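Trainee: Take a look at the letters that make up each chain.
Number of protein chains: 2
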Amino acid sequence: MLAEIITIGDEILIGQIVDTNSAWMASELNLIGIKVKQVSSVSDDAEHIIEALQLAEKRVDIILITGGLGPTKDDITKVTLARYFNMGFRRDQETLEHVTDIFTRYHKPMIESNRKQADVPEGCTVIMNKNGTAPCMWFEERGKVFVSMPGVPFEMMYLMKEEILPRLKQAFKLPCIYHKTILTANIGESFLAVEIEEIEDSLPPHIKLAYLPRLGQIRLRLSGTGTDEDILKAEVEAFARQIINKVRKYVVVDQDVTLEKALLDIMDEKKLTLSTAESCTGGYIAQLITQHPGCSSVFAGGAVTYSNALKVSVLGVKQQTLDVYGAVSEETVKEMAAGARTNFKTDYAVAVSGIAGPDGGTPTKPVGTVWVAVASERKVVARLFNFSNRRIQNIERSAVAALAMLLNELKQDVG
Amino acid sequence: MLAEIITIGDEILIGQIVDTNSAWMASELNLIGIKVKQVSSVSDDAEHIIEALQLAEKRVDIILITGGLGPTKDDITKVTLARYFNMGFRRDQETLEHVTDIFTRYHKPMIESNRKQADVPEGCTVIMNKNGTAPCMWFEERGKVFVSMPGVPFEMMYLMKEEILPRLKQAFKLPCIYHKTILTANIGESFLAVEIEEIEDSLPPHIKLAYLPRLGQIRLRLSGTGTDEDILKAEVEAFARQIINKVRKYVVVDQDVTLEKALLDIMDEKKLTLSTAESCTGGYIAQLITQHPGCSSVFAGGAVTYSNALKVSVLGVKQQTLDVYGAVSEETVKEMAAGARTNFKTDYAVAVSGIAGPDGGTPTKPVGTVWVAVASERKVVARLFNFSNRRIQNIERSAVAALAMLLNELKQDVG
Chain X
0 MLAEIITIGD EILIGQIVDT NSAWMASELN LIGIKVKQVS SVSDDAEHII
50 EALQLAEKRV DIILITGGLG PTKDDITKVT LARYFNMGFR RDQETLEHVT
100 DIFTRYHKPM IESNRKQADV PEGCTVIMNK NGTAPCMWFE ERGKVFVSMP
150 GVPFEMMYLM KEEILPRLKQ AFKLPCIYHK TILTANIGES FLAVEIEEIE
200 DSLPPHIKLA YLPRLGQIRL RLSGTGTDED ILKAEVEAFA RQIINKVRKY
250 VVVDQDVTLE KALLDIMDEK KLTLSTAESC TGGYIAQLIT QHPGCSSVFA
300 GGAVTYSNAL KVSVLGVKQQ TLDVYGAVSE ETVKEMAAGA RTNFKTDYAV
350 AVSGIAGPDG GTPTKPVGTV WVAVASERKV VARLFNFSNR RIQNIERSAV
400 AALAMLLNEL KQDVG
Chain Z
0 MLAEIITIGD EILIGQIVDT NSAWMASELN LIGIKVKQVS SVSDDAEHII
50 EALQLAEKRV DIILITGGLG PTKDDITKVT LARYFNMGFR RDQETLEHVT
100 DIFTRYHKPM IESNRKQADV PEGCTVIMNK NGTAPCMWFE ERGKVFVSMP
150 GVPFEMMYLM KEEILPRLKQ AFKLPCIYHK TILTANIGES FLAVEIEEIE
200 DSLPPHIKLA YLPRLGQIRL RLSGTGTDED ILKAEVEAFA RQIINKVRKY
250 VVVDQDVTLE KALLDIMDEK KLTLSTAESC TGGYIAQLIT QHPGCSSVFA
300 GGAVTYSNAL KVSVLGVKQQ TLDVYGAVSE ETVKEMAAGA RTNFKTDYAV
350 AVSGIAGPDG GTPTKPVGTV WVAVASERKV VARLFNFSNR RIQNIERSAV
400 AALAMLLNEL KQDVG
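Each protein sequence line maps, in turn, to chains X and Z.
Numbers 0 to 414, taken from numbering that gives the first Met the number 0, label the letters of the first sequence in order.
Numbers 0 to 414, taken from numbering that gives the first Met the number 0, label the letters of the second sequence in order.
Fair warning: there could be bad hints in the mix.
Where chains are identical, the list cannot tell them apart; a pair therefore holds if satisfied intra-copy or between any two copies.
In silico DMTMM-like cross-links for lysine to aspartate or glutamate, where the CA-CA straight-line distance does not exceed 20 Å [what the hints assert, rightly or not]:
hint: 1; residue 1: LYS129; residue 2: ASP346
hint: 2; residue 1: LYS317; residue 2: GLU329
hint: 3; residue 1: LYS36; residue 2: GLU50
hint: 4; residue 1: LYS57; residue 2: GLU46
hint: 5; residue 1: LYS143; residue 2: GLU56
Just so you know, these hints were derived from the structure itself, not from any lab.
Given the structure is predicted, the values throughout are model-derived calculations rather than measurements.
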């Protein structure tokens, strides 16, 4: 089953916003067995939108349209769809009440252009958009499904999850799909591929294995297609167990979560606490962790010790250590980790000190030289990394390296 | 002058990567007066690519293609372009030497598929890709320009900046364009629009004003189109000065930079130092600052005091203050800022304490309640914000609010 995503609006075409919606939609559609054939971003121009609809209709069965549903005169998706399907308009009472409600709640005056948000092409099914004023519209015409959604990411995501994906599953009798994701760390893609080559070769044609690499982490995704959900699930899970048994020491978790979320879950379950001591990552690790609701049960906090003075005063690094070995050294990073663990009173602490670049490199410590340490009750371990030479990438890779090292230690300590 | 961007490859269509390239390219093209008519993401399928090329050729004059240039058999952009233009292949010696160089430098064995990266369609001009092995190819056919670039963002960006944009300017006799950006903060879009309404109404038709809002900051961009660069520049700058004079107290800087970079530049010039004390933002502010090379001259570091214990031990917040007023209060956030300033020995400190959500809200302090404080030699000021109820957005808005408050204090102190 094929779909096309059409995004409408000049914001993407002038580069004001990055289209994050399409990747999210594509990945959700893939999970239920719908392949995205093309993504087209077109301007707020009726002729151009109609051309895109005509072409999409020739290529695919499902056309998902985002954007162009606001109350201003730039937003022409709705009138253009009505013209495309040769439909008149009706005012949808439920939508009108919903829009009126929102304006009342925020004590804002409602003008005619706001009321017009409740006007929809006669032949469509209205799907209530709980999070905004623009209704979502579902058209079934000439054997194809067209869905028009708002472009605001959280409105679109909620509608997709709660309404559109379930309806598509019903409308198209999609095959049964089962996915199983295994998150690995501390191993490169090609080495991982060699390790599990035999298992991969033994997969039946209806089960595929995808390598999804990102910054030192690799997600392995098994995707099975079949007719009986229970049988399929049992089959895919059996292969997943084979893979996990083969590369157990690199497996973080058999779920589709981020590395830091997996760590938080493990530590929360074992009632362990964590702190951070960051130099070149500048708060990036703390920020990754605190994106996750409920992290406070594990994460006490940390220090961003960009200056040497703070390494001494906040983390208790010895001035002599800095003088003799420098800030980017095994000795300093170990004292940073140990100091964070002691001063912040946590079970574990991770520390990073490195040269993110573009400046600050020397012949012996070039840009990309990064020391990472993990302190636990048992010991303090440190490891040297040499990354590439772009600042943001060095920061990101250092953070992932620190989290992966913490995972390693945790596994040794709590199994 | 119209362009179309075609991205080739399944990664975007299965949602594995977000297409950040197109927005960047669109914004760069806009700056030299080229409008992007459509962005199309198509699969690694020859027929589909050819269809996209045919359609684009009908719509626009410039077709920019990214992706599908790797050495594996999935990457079919090059052979498809040769087929589209009915061209044979030649091995490009300069590219072959460059690829050989790269393999020698990294001590990697070179196989035939790597050498094939130097094979290009006969009729194209090869543009050297210094940062990778896939050559960039420029075709001029039937009065149109087609450019094929690698999809790796930094390779593409370098090629666009150094090679493609200058060549497009020459190839198409583009009008002279001059842009001037003014970064504002601490004022909403509609209020800003009212303030500068008269100036906006007095703009001649060849000078446009765009409002580019993002999380509490608004960039005002004046874009002039003309024939004489000097005259145009003088005109646009004169209007920019009018705007700056009218809304001086909201102007951060008259450059196209981020808020935190503007702050770093101001503080660096005045030799002032900064530290941070973050609770709900969890290191996000420190991380924004440390993305910028050279920030260490201003930024000493900071604390992520997620737990109350760390607020006391690291920042010196009084236990009594936490007990009486709570962690999310004016009193606590002021002590956090003052404590960071004292303990971290900096001229300024910003502190944030709030409820990012989704849990932790109470009737008197709902999710989105955020206190921000700025401490300077002169005083400690605090302000209460009430943001919406999504965690990541609350964190981002809190960070911008803190930076904008710091800017305000700086302006009062150093003018």
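Trainee: All hints, please: hold or fail.
Mentor: We went through each hint and held it up to the structure:
no., hint, result
1, LYS129 - ASP346, "neither (43 Å within a copy, 47 Å between copies)"
2, LYS317 - GLU329, "within (13 Å within a copy, 36 Å between copies)"
3, LYS36 - GLU50, "both (17 Å within a copy, 13 Å between copies)"
4, LYS57 - GLU46, "both (17 Å within a copy, 14 Å between copies)"
5, LYS143 - GLU56, "within (7 Å within a copy, 28 Å between copies)"
When held up to the earlier numbered hints, the structure conflicts with hint 1 and nothing else.
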